[in-house]
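**Q** With chain A held as given, fit chain B onto it using these hints.
In case you want the letters, here they are:
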Amino acid sequence: MYFRIHGYPVAMHANIASAKTNDGINEIIENLFNEGENPSTKFGPDVNIVELKNKFEIVAELPGVKKEDLALKMENGELSLSAERKSYDVGENSRVVRRELRRAGTVARTFRIPSEVDPSEISAQLTDGILRIELPKKKAAQPMEIRVK
Amino acid sequence: MNKNISTELTKTGSRALATRPEVRFISPSSDIYERADSFTVVVEMPGVTKDSLSVNIEANRLIIKGMVVTHPAEGGNPILQELPERNYYRVFNLSDGIDTKNIEAGLEDGVLTIILRKTEKLRSREIRVK
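Read top to bottom, the protein sequences are chains A and B. All residue numbers for the first sequence refer to the numbering used here, where the first residue is 41 and numbers rise by one. All residue numbers for the second sequence refer to the numbering used here, where the first residue is -8 and numbers rise by one.
Just chain A, with the same shape it has in the complex (with noise of 0.2 Å):
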């Protein structure tokens, strides 16, 4: 696992496999989509993440950003996310009375994508200023039910 300044890999975390152990389960949960030692949270943008049956999915809170703002990258089982965050500013004779929200500026982060994930498969959209990312599960990482005759 990476955990990225800039782009540039900073520190090395060991992947912890996918198996399902009960013994196990807390540690790689702690670990899934991990980004190292230390997350980028200053920089990039707040997430949930939740696991179903057949999917993940990755939410992160984007206002006032456009499509054409946002970078998805999917690349040696790393997604990362860019997003251009422009100013609300309306421009020159005027003056800031209140500032609350952040700055304009580039905001991004990286996730380890467990390797039950199709990585063709994935897919966003981003609506509202809500950025929705879907990682659905390989078919073999699916549960599936056993017939016993």
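The set of hints was computed from the structure by calculation and includes no laboratory data. Any given hint could turn out to be false.
[Claimed, not checked] Which residues of chain A face chain B? A partial, calculated answer using Cβ under 7 Å:
(1) D86
(2) V90
(3) L92
(4) E108
(5) L110
(6) R138
(7) R139
(8) L141
(9) G145
(10) D168
(11) I170
[Claimed, not checked] Computed cross-link-like contacts, EDC-like style, restricted to lysine to aspartate or glutamate with a CA-CA straight-line distance of at most 16 Å:
(12) K93/A with D100/B
(13) K107/A with E124/A
(14) K113/A with D129/A
(15) K107/A with E65/B
(16) K126/A with D100/B
(17) K41/B with E124/A
(18) K126/A with E99/B
(19) K41/B with E95/B
(20) K93/A with E174/A
(21) K41/B with D100/B
(22) K107/A with E99/B
(23) K106/A with E65/B
(24) K106/A with D100/B
(25) K178/A with D158/A
(26) K178/A with E91/A
[Claimed, not checked] Over 10 Å on every C-beta distance to chain A, these chain B residues come out as not near it, computed from the model:
(27) V14
(28) R26
(29) V33
(30) S45
(31) N51
(32) Y80
(33) D90
(34) G97
(35) K109
(36) T110
(37) E111
(38) K112
(39) I118
Please read all numbers here as calculations on a predicted model, not as lab measurements. Note that CB positions come from ideal geometry on N, CA and C, so glycine has one too.
**A** Showing chain B alone in chain A's frame:
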């Protein structure tokens, strides 16, 4: 993008109440900019749509209420939860320097932009020195 809401000032947003009202409300962050003849209020409310948003004026108060319509997938196992579920609610007190009959508001990509025009008396006037 700009939508004149002077005709919608009495909208109560009752449709908004149908979407998860049991989820708590937080005050959304906002920027306020000032120009010579208007103020611009920018409010970030990701997950809020035009249908789940209500913007009202009540006695010199600007009341903003947005319900978040995007919900986590049902039956999922949370792996990481950095975003709490919440709806948005914020009230701005307006001075009488604001022309409350003439307010423009637009919602795009989860960002609400409101333009509040100043009344005549608040606009900067150049004073000519003899």
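**Q** Now tell me, hint by hint, if it's right for this structure.
**A** Evaluation of the provided hints:
Hint status for D86/A: holds, given a least beta-carbon distance of 4 Å to chain B, under 7 Å. A distance limit of 7 Å between C-beta atoms decides the matter here; for V90/A the minimum to chain B is near 4 Å, and the interface restraint holds. With 7 Å as the threshold, the beta carbon of L92/A comes within range of chain B, its nearest partner Cβ sitting at about 5 Å, so the hint holds. Of the supplied interface hints, the one on E108/A is violated, with its beta-carbon coming no nearer than about 12 Å to a beta-carbon of chain B, more than 7 Å.
Taking 7 Å as the C-beta cut-off, the interface hint given for L110/A is violated, the closest approach to chain B being about 11 Å. A distance limit of 7 Å between C-beta atoms decides the matter here; for R138/A the minimum to chain B is near 4 Å, and the interface restraint holds. Checking R139/A against chain B by beta carbon gives a least distance of about 6 Å; that is within 7 Å, so the hint holds. Below 7 Å, beta-carbon pairs count as interface contacts, and L141/A has one with chain B at about 5 Å; its hint therefore holds.
The closest approach between the C-beta of G145/A and any C-beta of chain B is roughly 15 Å, which is over the 7 Å cut-off, so the hint fails. Restraint check, D168/A versus chain B: the minimum CB separation of about 5 Å is within 7 Å; hint holds. Interface hint status for I170/A: upheld, as the beta-carbon distance to the closest one in chain B is roughly 5 Å, under 7 Å. Proposed proximity of K93/A and D100/B is contradicted: the alpha carbons are some 30 Å apart, above 16 Å.
For the given pair, K107/A sits about 10 Å from E124/A by alpha-carbon distance, which is consistent with the 16 Å threshold. At roughly 30 Å between alpha-carbon atoms, K113/A and D129/A are farther apart than 16 Å, so this suggested pair is violated. For a cut-off of 16 Å, the pair hint linking K107/A to E65/B is broken: about 26 Å separates their Cα positions. For the given pair, K126/A sits about 12 Å from D100/B by alpha-carbon distance, which is consistent with the 16 Å threshold.
Proximity of K41/B to E124/A is assessed by CA-CA distance (about 24 Å); at most 16 Å being required, the pair is judged violated. Proximity of K126/A to E99/B is assessed by CA-CA distance (about 13 Å); at most 16 Å being required, the pair is judged to hold. The suggested pairing of K41/B with E95/B holds, with an alpha-carbon distance near 14 Å, which does not exceed 16 Å. For a cut-off of 16 Å, the pair hint linking K93/A to E174/A stands: about 12 Å separates their Cα positions.
Taking the CA atoms of K41/B and D100/B, the gap is about 10 Å. The hint holds against a cut of 16 Å. Taking the CA atoms of K107/A and E99/B, the gap is near 13 Å; set against the 16 Å cutoff, the hint holds. Restraint check for K106/A and E65/B: not satisfied, since their Cα atoms lie roughly 27 Å apart, outside the 16 Å limit. For the hint linking K106/A to D100/B, the alpha-carbon distance of about 7 Å falls within 16 Å, and the restraint holds.
Of the supplied pair hints, the one linking K178/A and D158/A holds, its CA atoms being roughly 5 Å apart against a limit of 16 Å. For a cut-off of 16 Å, the pair hint linking K178/A to E91/A stands: about 14 Å separates their Cα positions. In this structure V14/B is separated from chain A by more than 10 Å, as the shortest Cβ-Cβ distance comes to about 14 Å. Look at R26/B: its CB is around 5 Å from the nearest CB on chain A, not clear of 10 Å, so calling it non-interface is violated.
A cut-off of 10 Å between C-beta atoms contradicts the statement that V33/B is not in contact with chain A; the least separation is 4 Å. At the 10 Å boundary, the C-beta of S45/B stays outside the reach of chain A, the nearest C-beta of that chain being 16 Å off. Residue-level check passed: N51/B sits 17 Å from the nearest beta carbon of chain A, beyond 10 Å. Annotated as non-interface, Y80/B keeps its C-beta farther than 10 Å from every C-beta of chain A; the closest such distance is 15 Å.
A cut-off of 10 Å between C-beta atoms confirms that D90/B is not in contact with chain A; the least separation is 17 Å. At roughly 12 Å, the least C-beta separation between G97/B and chain A is larger than 10 Å, which holds for a residue marked as non-interface. Residue placement check: K109/B keeps its beta carbon more than 10 Å from all beta carbons of chain A (closest about 12 Å). Distance check for T110/B against chain A: the nearest CB is about 17 Å away, which clears 10 Å, and the non-interface claim stands.
Remark: the non-interface label on E111/B is consistent with the geometry, its nearest Cβ contact in chain A lying 19 Å away (cut-off 10 Å). Distance to chain A confirms K112/B as a non-interface residue, since its nearest Cβ pair spans about 18 Å, more than 10 Å. With 10 Å as the threshold on Cβ separation, the claim that I118/B sits away from chain A holds: the shortest Cβ distance comes to roughly 18 Å.
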